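Protein chains: 2
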Amino acid sequence: MPKQEKICSKHIRPIWLSQNLKVIKVIDQRLLPHRFMVAELKSVDDVINAIKETCVRGAPLIGVTAAYGVYLAALNAEDKPASNDFLIKECKRIKSARPTAINLTWAVDKVLAETLKAKTSSGKIKAALNEAERIVETEVENCKKIGENGLNLIAEISRRKDNQTVNILTHCNAGWLACVEYGTATAPIYAAFEKGIDIHVWVDETRPLNQGSRLTAWELGKQGVKHTVITDNAGGHLMQHGMVDIVIVGSDRTTRTGDVANKIGTYLKALAARDNNVPFYVALPSSAFDWNLKDGLKEIPIEMRDPDEIRYVQGFDQGAIKSVLITPESSPAANFAFDVTPARLVTGLITEKGICKATEHDINNMFPESKST
Amino acid sequence: MPKQEKICSKHIRPIWLSQNLKVIKVIDQRLLPHRFMVAELKSVDDVINAIKETCVRGAPLIGVTAAYGVYLAALNAEDKPASNDFLIKECKRIKSARPTAINLTWAVDKVLAETLKAKTSSGKIKAALNEAERIVETEVENCKKIGENGLNLIAEISRRKDNQTVNILTHCNAGWLACVEYGTATAPIYAAFEKGIDIHVWVDETRPLNQGSRLTAWELGKQGVKHTVITDNAGGHLMQHGMVDIVIVGSDRTTRTGDVANKIGTYLKALAARDNNVPFYVALPSSAFDWNLKDGLKEIPIEMRDPDEIRYVQGFDQGAIKSVLITPESSPAANFAFDVTPARLVTGLITEKGICKATEHDINNMFPESKST
Chain Y
683 MPKQEKICSK HIRPIWLSQN LKVIKVIDQR LLPHRFMVAE LKSVDDVINA IKETCVRGAP
743 LIGVTAAYGV YLAALNAEDK PASNDFLIKE CKRIKSARPT AINLTWAVDK VLAETLKAKT
803 SSGKIKAALN EAERIVETEV ENCKKIGENG LNLIAEISRR KDNQTVNILT HCNAGWLACV
863 EYGTATAPIY AAFEKGIDIH VWVDETRPLN QGSRLTAWEL GKQGVKHTVI TDNAGGHLMQ
923 HGMVDIVIVG SDRTTRTGDV ANKIGTYLKA LAARDNNVPF YVALPSSAFD WNLKDGLKEI
983 PIEMRDPDEI RYVQGFDQGA IKSVLITPES SPAANFAFDV TPARLVTGLI TEKGICKATE
1043 HDINNMFPES KST
Chain Z
683 MPKQEKICSK HIRPIWLSQN LKVIKVIDQR LLPHRFMVAE LKSVDDVINA IKETCVRGAP
743 LIGVTAAYGV YLAALNAEDK PASNDFLIKE CKRIKSARPT AINLTWAVDK VLAETLKAKT
803 SSGKIKAALN EAERIVETEV ENCKKIGENG LNLIAEISRR KDNQTVNILT HCNAGWLACV
863 EYGTATAPIY AAFEKGIDIH VWVDETRPLN QGSRLTAWEL GKQGVKHTVI TDNAGGHLMQ
923 HGMVDIVIVG SDRTTRTGDV ANKIGTYLKA LAARDNNVPF YVALPSSAFD WNLKDGLKEI
983 PIEMRDPDEI RYVQGFDQGA IKSVLITPES SPAANFAFDV TPARLVTGLI TEKGICKATE
1043 HDINNMFPES KST
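Residue numbers (the working numbering), protein chains in the order written: chain Y, 683 to 1055; chain Z, 683 to 1055.
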């Protein structure tokens, strides 16, 4: 078992390559916080299943895992005659693992493009690996910058409150587990914590898969950041009573106009933030923008997942992880995994390049090089 | 085990008196939908514990249980010398079982007042029983009228949609389990169902105690009403996409100005309803009004419950009810049980007297006899 002390600094990442460069190793996030297990992904099918079944999850990490998946496809294509066709087909399969996070398509297309440029099998393998690792390091660097940029917001609130505790609410897990290091929404939190700013995080449990109460709470606890788990229902009440100073969430896909797809329930928190004049920020690397879309509500595909993720809840009892049935046996459930927060409810976007308003004009000014394809 | 067929009609109630009139029998709602068990309350302490531990829950049922509790106090006071003082003290204890539902205080004070008027011990016992049963029958009658009044809203939507399915969203359980018969929020739903109107109910699971996915789903399923369980996070997304025609919820306490305390998370649904022009109605009998309060956010006490209700989830596995731990062992949680939806977000109140706007003026016109005390 990897070292768990100060686990959110650089001691461990949620994904790494085995020493022989043939196996992707990932923390199996379905089992946290109760079991720390490492899963081995040896094939494109393994990669697809790990993404589908949320063994890895979080938009940036899905992108990174998929990037390594293209590398595995190149490794496996070695003996095939038409390896370019094979690669393109495998990439199509990887891209269809989950529909909402744009990082998946973005990362696969990036690695594929570099791979196809190489002429030989070994050249393709090298190109795929290089590009995948470039993506990993860029995402780490971007998350670090998101932390530096977002830190200013928290520091300012702290000053305004005469160094009293800054209460930050977050939804789902947009931590280092969802990325590679630092996280997106958590990057400013960790940066503020390291600066010694007095912070406390309200952690939405984030039904149905409890990424908040399982993963964010675990991350923050390991790092020693003060936090309290709440139900997804509670955030509005807290904001009504002045108990939230800022909301920071991540994003699975943001349009060029600033509409934000994120874990289901994000929109409700944005509404409550607006109703109570609480700033609502979205932290995202540029890989989470979809430059082709202008209307998030109409255009971003929202994943429907297995209703049993709602009907059953997984937890820990007597040394084992168990699923217990909540609903009547015969009651159906519907599992919408994401929602879209319209740009009008977003105070700002915290990116690696700085903080901008969630408007097409400001996003375009921040990323002038990005064009729709 | 009581007959479970068509259980929501008059075959069974969540509370009744034993034949010898000495024991209150209640459905133990903590075990539903997995076990149908009847608990016996034989003392004031039993009544207090049943209310505290949500063996009985729902504002009207808490009131009714407490009313019978005063009767048990009178029965138990028989041999005491200062029975009035004793009764007053016992009533104080009952009233402090839970803080938010106003029905508790209302019902206890009503029964106590009648009881104290009688001079003899046996007179007090009779008076307490009579008043408790009067409350029960009034609540049943009021819920029936709420159903008739709310039916018009659903019928009108059905007509406007050319008899296509009317989609109703509800939060928590404001069904017959929370009342005695019909329910409050469910009364219009059952009335519409009986009229043959095509309806479908989105059932918020209602964390942390899952009164939606456990109780409302069970009630609706038993009656044959089409329903789908969703996470508390999902309602906003559904409303954004035109999948909710009307929201109907209950109330634990509503001010004379129309501010509505209800299960935590209700406020978030009200915000989403307003943002998407979906009508948001609160169904409540007059016993849920607090005529003394004008500012719900400032004045209604919000219960804080055991954080372990969030950290653990109870469900069914291999023939047994089990609690499984969700969060890291060391992560704290905070369990705010209710929130307040400001009157400005409420389209209307469905009461036994009719439907009125959530304004002091209109509420006063509907209940001119009600004065603050």
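Misleading hints may appear alongside valid ones.
All copies of an identical chain are treated as equivalent in the list; a pair is satisfied when it fits inside any one copy or across any two copies.
Stated by the list, open to error - The list that follows gives simulated cross-link-like pairs (lysine-lysine, DSS-like), each with its CA atoms no further than 30 Å apart:
hint, residue 1, residue 2
1, K801, K843
2, K1004, K904
3, K808, K904
4, K980, K908
5, K734, K1004
6, K801, K827
7, K843, K980
8, K1039, K801
9, K704, K826
10, K777, K799
11, K1004, K1035
12, K1039, K774
13, K801, K704
14, K843, K704
The set of hints was computed from the structure by calculation and includes no laboratory data. Everything numeric in this text was worked out from a predicted model, so none of it was measured.
Among the hints numbered above, which are violated by the structure, and what are their numbers in rising order?
Per hint list: 1, 3, 6, 8, 11, 12 and 14 violated.
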